[in-house]
Amino acid sequence: MADLRVSFCGIEFKNPILTASGTFGFGREYAKYYDLSELGGVGPKGLTPVPRAGNPTPRAAETQSGMLNAIGLQNPGVDAFIRDELPFLRAFDTRVVANISANTAEEYGEMAAKLSDAGVDIIEVNVSCPNVRAGGMQFGVTAEGISSVTARAKQSSSVPIVVKLSPNVTDIAEMARAAEGAGADGLSLINTLLGMRINVKTRRPALANVTGGLSGPAVFPVAVRMIWQARSAVRLPIIGMGGVCSGEGAAELMLAGASLVAVGTASFIDPMAPIKIRDGLGRYMDENGFATPARLTGAVII
Amino acid sequence: MSNCVVTASRLIGKNIRSLSVRWAEKPPKPGQFVNIRADGAFLRRPISVCDYFDGTLTVVFEVRGEGTRALAQCVPGQLLDVLGPLGQGFQLPKSGDVLLVGGGAGSAPMLCAAKALSGRASVILGFRGAEHVVLDREIADAAREVYITTNDGSRGFKGFPTLLMPELLKKPYAAVFVCGPRPLMKAVAQIAKDFGIPCQVSLEERMACGVGACLVCVCKTRENGAETMRRICSDGPVFDAAEVIW
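Protein sequences, first through last, are from chains A and B.
All you need for my numbering is the position in the first sequence, starting with 1, plus 1.
For the second sequence, position 17 matches number 2 in my numbering, and the numbering has no gaps at all.
No lab work stands behind these hints, which were simulated from the structure alone.
Relax, there's no trap hidden among the hints.
The list that follows gives simulated cross-link-like pairs (lysine-lysine, DSBU-like), each with its CA atoms no further than 30 Å apart:
id	chain 1	residue 1	chain 2	residue 2
1	B	K205	A	K202
2	B	K(-1)	A	K202
3	A	K202	B	K171
4	B	K205	A	K33
5	A	K33	B	K14
When you get a sec, could you build the whole thing from the sequences and use the hints?
This is how it looks when you write it as structure tokens:
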């Protein structure tokens, strides 16, 4: 069996498989299905400076090979996370990648300081939530926005800062370079693609929020392309995500340039998906002669 | 999660089907649900448990869209991917009678509940019309009494189940349980409140994960004076009606 250990931003992960923020709660639900220590890392639900109730329902709509969601960052706030949820996650032998959203660059800085003090392993700066008015995608669709938020978070944090990029941009390479230029330690991509559905019987939008973020296998090829483009533009290590549902899918994102792979929507269909994907990746590596995950990263032949 | 063998699949009312599988997982409690993977549908379909007996789990559902149409095609002998039992079911009072109110396919969990209450249940089932009436005989076998209402009066009493509540609630009841369309549940909860009887409602909402992780299926509730968004799949689907903000 291949050695699945991998180093990312100077931190060792026991395997490259993480869970994607927003699809995993704070880990308690899926801990009923498997030992979270089996994972390379966990991505708890996105946090904001103060608690948020999120959007009205319906918050999800099914699509061909995917789903739209518009949760709107419902979360108990960063302080409650540190007090009530982080100790639970810390009881497992796995890395914690906290995800943060805020209204201003200053708030991103304050949250990054709190979370790095509280002992998370990595902070994922979310500038790409498509479902909130302020503090989401508005920062992630311009180079200036990405720069200001990244610089502030980096200044305030003692742990690596990974910037989660939005796919809802014309030039992903420009956004990746902005993050790199502002001092980011890594990138993660892709967040969801902005979408919409209409119930043709009622002529009303399927989501109360009207638009929402598309995830699932439907977005996978977009993720492969954007990871490859970002990898070609910058030297930063990448957490790849976007519709992965098999070991081969994880390998594909790694060949495109990802060092770690986050599993999201697949967990909704099969709670064991992250573990099955980890095992499938190991089998792929054995069968194809990859001794370590690092050898896979960016190994696409073009 | 398990791959279960389908043991029965039949049409029991207009557009309403019953589907049974062999069940080796934890026995469900009344009001809990299972999340079923349907051919061709991306997300699972959450459906409340209608009956569990001797290793057979039965759900009853209305054929409404792609997912339920696919489930309608299931035949005995095939394998079905069923996750569960999920969620928090009804809290059965230790003593006293319980009034169960079911509307349409929302009648399904009332069979489970009536059986668990062994003779302590009075039941009102409401349907659109006579051809939509389902589970009346099965529930009658388990309950002390069953009343049927139909919107058009083609069977039983004409009107909604709420019509019969004031008369029935003249006798003492320990609790009211309701599952059905939201306006019905809201009205039943209000009448129960007027009579000072605790009411439990089984809420429904579009779901994704079904286990409490994704925050898709939330409802607004009041808990210890504070408004909170709680998850229907894992904090519910059954809630104390006094906590629900309609």
